[in-house]
Amino acid sequence: MESEQAVFYSRLLTELTLSFHIIYATIGVGIPFLIFLAQWLGIKKQDEHYILLARRWTRGFVITVAVGVVTGTAIGLQLNLLWPTFMELAGHVIALPLFMETFAFFFEAIFLGIYLYTWDRFRDQRKHMLLLVPVAIGASFSAVFITMVNAFMNAPQGFELANGELINVEPLVAMFNPAMPTKVSHVVATAYMTSAFVLAAIGAFRLLRGSNHIYHKKALLLTLKVGLVFSIASAIIGDFAGKYLAEYQPEKLAAMEWHFETEEQASLTLLGFLANGEEIKFSIEVPYALSILAHGDPNAEVIGLDQFAEDEIPPLYIHYLFNIMVIIGMITMIIALFYIVGNALNRTFVKNRFFLWLIVSSGPLSMIAIEAGWWLAEVGRQPWVLRGILRTENAATTSNHVDFMLLFFIGLYLVLGLASVIVLTRMFKNNPVERELLDQQRNGR
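In terms of our numbering, the sequence shown opens at residue 46 and continues consecutively.
Note that these hints are calculated values from the structure, not bench results.
A couple of the hints might just be wrong.
[As the list claims (entries may be wrong)] Quick list of the computed label-pair ranges, beta carbon to beta carbon:
1) T147 <-> A334: 37 to 43 Å
2) F250 <-> P223: 19 to 25 Å
3) N388 <-> F449: 52 to 58 Å
4) G462 <-> L361: 30 to 36 Å
[To be verified] BS3-like cross-link-like pairs, simulated, lysine-lysine; straight-line CA separation at most 25 Å:
5) K474 <-> K262
6) K172 <-> K90
7) K263 <-> K90
8) K263 <-> K172
9) K89 <-> K263
10) K89 <-> K326
11) K288 <-> K90
12) K89 <-> K288
13) K172 <-> K89
14) K90 <-> K326
15) K89 <-> K270
16) K396 <-> K262
17) K172 <-> K396
18) K396 <-> K474
19) K396 <-> K270
Every residue, glycine too, gets a C-beta built ideally from N, C-alpha and C.
Based on the provided sequences and hints, a complete structural model is requested.
See below:
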């Protein structure tokens, strides 16, 4: 009984930490690219508004990096304290990508510090902009290396299993496993997409609050263009991810699509809910779509849950997580497309308050989609921590004090979350765009 409680609280605390960390990690990966893009446009067009965009986004980015460092450290601590059996078994296999992730972060942080403290110190702004290249590379590769660890947990390889130990480890083979390409590319693309929609939401909110400055309109158009590009990219990568699942994790694909019986010409199930175990109600069935998603062939056979032992089937509620992720992705893509086309054609609906509120909603909705996607990734691997090798129930600590740790970290995350919101709000509220532009003109910058 105590062991079951330890597993439960370990899973709950890990889920809480990852859910909180992913907010700051996603922004931390995507924002540097957007800062670089804004500064590049400012230099190319000799436009002070884009330069100011880069400057202000950087200030906010620093706050999210600081919080991300704390939550990222918490994840490392919890891996060792809550999942000691996993780290004992596979720690030496994932050591290289974990080290590379840390290296990438410090690489990013060093150049971010230089970038911050050299504003206006370069006569040629292009030289200052080049400092952002290692920042953006470091941020993205932090995501790449840590996602490689997650991919390894889904498709473990690069070792031999002997007497319950992983021997003859080949770290590069372990890192470049079958799950890596789709997982890494999807994480990076959705980080860029979500960051763009979060910044677009802020710009739209400022317009709704009465600030009709061209600065916010330029920010809105730029971020929604980026959001549209990477939402399309995320959808394409998602198609490849479906084909990966069909070949390497068919039980996860079957669970998230509620595909109970192995069959050819399989339909894709959207929405709906389960009643009495396997009875699906109020769903939308798309003929042949699951066969196409899984194998690119409408007549292909798709493996169902009937081919797996009951104790190896992931929780079926991951279907709802998949639907949340996909539906939000489609909504935000449509919002961005409508705004870009409407703006190009000078349609008045893009200035409509209702439509601006839709853009505001795209920020939190995108973050909800990120959360749903990560829950889908982690819950969909269950009952395994290391798929096919180590079960979750056997990987967790047996300590009786995880519940106290949970309470401590809940308090910590509340403090960090509130503090970051307060600091960011005051930072920009006390220094509006109009005042900063006026100060720059007075200083001759």
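message: Next pair to validate is K172 with K90; report whether the Cα-Cα distance is within 25 Å.
response: holds (16 Å)
message: Does the beta carbon distance between G462 and L361 stay inside 30 to 36 Å, or does it fall outside?
response: 31 Å Cβ-Cβ, so the 30 to 36 Å window holds.
- request: Please work out if K89 and K270 have their alpha carbons no farther apart than 25 Å.
  value: holds (18 Å)
- prompt: Is K474 within 25 Å of K262, Cα to Cα?
  reply: holds (18 Å)
message: Run the distance test for K172 versus K396: straight-line Cα separation, threshold 25 Å.
response: Not OK: K172 and K396 at ~37 Å, beyond 25 Å, violated.
task: Quickly compare the C-alpha distance for K263 and K90 to 25 Å and report which way the hint goes.
output: holds (12 Å)
- prompt: Does 37 to 43 Å hold as the CB distance between T147 and A334, or does it fail?
  reply: Holds, at about 42 Å.
query: Using the C-beta atoms of N388 and F449, is the stated range 52 to 58 Å upheld?
result: holds (53 Å)
- prompt: Within a Cα-Cα threshold of 25 Å, do K89 and K288 meet the stated pairing?
  reply: violated (41 Å)
query: Does the alpha-carbon distance linking K396 and K262 stay inside the 25 Å limit?
result: Since the Cα atoms of K396 and K262 sit roughly 10 Å apart, the hinted pair holds (cutoff 25 Å).
query: Going straight from one Cα to the other, do K396 and K474 come out at no more than 25 Å?
result: holds (23 Å)
Distance restraint between K90 and K326, which requires alpha-carbon spacing of 25 Å or less: violated (55 Å)
In summary, the structure is inconsistent with hints 2, 10, 11, 12, 14 and 17 from the numbered list given earlier, while agreeing with the others.
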